[in-house]
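Protein chains: 2
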Amino acid sequence: MAIANKNIIFVAGLGGIGLDTSREIVKSGPKNLVILDRIDNPAAIAELKAINPKVTVTFYPYDVTVSVAESTKLLKVIFDKLKTVDLLINGAGILDDYQIERTIAVNFAGTVNTTTAIMAFWDKRKGGPGGVIANICSVTGFNAIYQVPVYSASKAAALSFTNSLAKLAPITGVTAYSINPGITKTTLVHKFNSWLDVEPRVAELLLEHPTQTTLQCAQNFVKAIEANKNGAIWKLDLGRLDAIEWTKHWDSGI
Amino acid sequence: MAIANKNIIFVAGLGGIGLDTSREIVKSGPKNLVILDRIDNPAAIAELKAINPKVTVTFYPYDVTVSVAESTKLLKVIFDKLKTVDLLINGAGILDDYQIERTIAVNFAGTVNTTTAIMAFWDKRKGGPGGVIANICSVTGFNAIYQVPVYSASKAAALSFTNSLAKLAPITGVTAYSINPGITKTTLVHKFNSWLDVEPRVAELLLEHPTQTTLQCAQNFVKAIEANKNGAIWKLDLGRLDAIEWTKHWDSGI
Numbered sequence: 001m002a003i004a005n006k007n008i009i010f011v012a013g014l015g016g017i018g019l020d021t022s023r024e025i026v027k028s029g030p031k032n033l034v035i036l037d038r039i040d041n042p043a044a045i046a047e048l049k050a051i052n053p054k055v056t057v058t059f060y061p062y063d064v065t066v067s068v069a070e071s072t073k074l075l076k077v078i079f080d081k082l083k084t085v086d087l088l089i090n091g092a093g094i095l096d097d098y099q100i101e102r103t104i105a106v107n108f109a110g111t112v113n114t115t116t117a118i119m120a121f122w123d124k125r126k127g128g129p130g131g132v133i134a135n136i137c138s139v140t141g142f143n144a145i146y147q148v149p150v151y152s153a154s155k156a157a158a159l160s161f162t163n164s165l166a167k168l169a170p171i172t173g174v175t176a177y178s179i180n181p182g183i184t185k186t187t188l189v190h191k192f193n194s195w196l197d198v199e200p201r202v203a204e205l206l207l208e209h210p211t212q213t214t215l216q217c218a219q220n221f222v223k224a225i226e227a228n229k230n231g232a233i234w235k236l237d238l239g240r241l242d243a244i245e246w247t248k249h250w251d252s253g254i
Numbered sequence: 001m002a003i004a005n006k007n008i009i010f011v012a013g014l015g016g017i018g019l020d021t022s023r024e025i026v027k028s029g030p031k032n033l034v035i036l037d038r039i040d041n042p043a044a045i046a047e048l049k050a051i052n053p054k055v056t057v058t059f060y061p062y063d064v065t066v067s068v069a070e071s072t073k074l075l076k077v078i079f080d081k082l083k084t085v086d087l088l089i090n091g092a093g094i095l096d097d098y099q100i101e102r103t104i105a106v107n108f109a110g111t112v113n114t115t116t117a118i119m120a121f122w123d124k125r126k127g128g129p130g131g132v133i134a135n136i137c138s139v140t141g142f143n144a145i146y147q148v149p150v151y152s153a154s155k156a157a158a159l160s161f162t163n164s165l166a167k168l169a170p171i172t173g174v175t176a177y178s179i180n181p182g183i184t185k186t187t188l189v190h191k192f193n194s195w196l197d198v199e200p201r202v203a204e205l206l207l208e209h210p211t212q213t214t215l216q217c218a219q220n221f222v223k224a225i226e227a228n229k230n231g232a233i234w235k236l237d238l239g240r241l242d243a244i245e246w247t248k249h250w251d252s253g254i
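Those protein sequence lines, which keep their order, are chains U and L. All the letters of the first sequence, read from the start, carry residue numbers 1 to 254 under the UniProt record's numbering. All the letters of the second sequence, read from the start, carry residue numbers 1 to 254 under the UniProt record's numbering.
Keep in mind that a hint or two might mislead.
Because identical chains share one entry, a pair is satisfied inside a single copy or across any pair of copies.
[Stated by the list, open to error] Calculated cross-link-like contacts (lysine to any residue; reagent style SDA-like; alpha-carbon spacing at most 25 Å):
1. Lys167 to Leu215
2. Lys229 to His249
3. Lys167 to Pro210
4. Lys54 to Thr186
5. Lys185 to Val66
Treat the hints as calculated values from the structure; they're not laboratory data.
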């Protein structure tokens, strides 16, 4: 059981996919669910507490674009309180190809920085106990929505980074897998900007094709957490959960 | 002929792979080779001029981490002088996983920003003539050197972005392909830092395996430029040039 009685940090746990996933997580009875998000939502936090009163749900404001040092400071507060953390979920993401710098900072650098920060507490080379990282990437990291090339590329980066983390597990003691949702009916995809307006109707066109609900995605997310498989590349699309086999085009040999 | 009598901008054309590629390019007789690089190297520029005196070789200092607006300003100076530009090569890259922010800024954001800037001159929706973009990505964008997860991820991002650009060609008139070198004997790979020192000997270990010379890489680079194939994912490894077929794990449907 990767959730029951565990301590979990969920970055962007109040977001589009995040909130339904937080609801499913608390149902599985973790000891602590620590939600880090940019903006507090006391009603949502209260609701999560009400779903399962045995779970301690806490909230800290957190912007993933801060420095590694800032992230480390916040994590220290959390580790000091909980003593151990078992799972970190990195879920911060924006979808707006007008905002090149911010897309890269949130979707890619944010994931790298929060991960880098938690290594100070988890890395077994420093006497840490190890841990598990679940990074929310995207199917657009496999194959782009080419009308949002910056978003898609930022997700390809997050995915590649996660695959590397998994291979580093023997060294660091920290395992990792990626959660790659397909088009999910969130406010994120309701309307968004394409790069240089190459396709002003991109959101509309996407939503003409089959999608999944945030609840379907959240339920499969929890299944992936319970599977707890280092290196897994989970595709959560159209209400299904499938593991992807990454193609080897090259091998560093080391 | 994609080089003879053409006007070419080469970002990082004095770099590890860049300089030998610039040498091969001038041999093929472009009209203009405009090299943008962070640091001038008058001896190298003089050498390029001497290889083929019919080619006009010019240099402008350029740091790819400047804003799109700054990049646009420099490109305006170049377009005002040359009137037309046929090919943009984006080759700026650093390999140092101690420097997370800079790796992302140079290898990923730099490629996106220079590309975004040139669209103002090339985009056919604005009456531009179109153009060709060759982005130097890396085989680590296919499959990481997991000891440098940030570098590898930044290259996965540049590759994904390039694949998207190619699909946008019918809209923008700008075609694109990626140049993905394997391990090439440059100063870049002589010694470099792994992420959190996960493998201090990463450079040494890599170089125990077969590599290629910068000349081999440069000669295949010129072949790829001459092939001029929109959407091609070129692998330049061990002295070979091969086109990669990207795996479809998902399709946006639009």
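Practice task
Could you tell me which of the numbered hints above are not met by this structure, giving the numbers in increasing order?
Solution key: 1, 4 and 5
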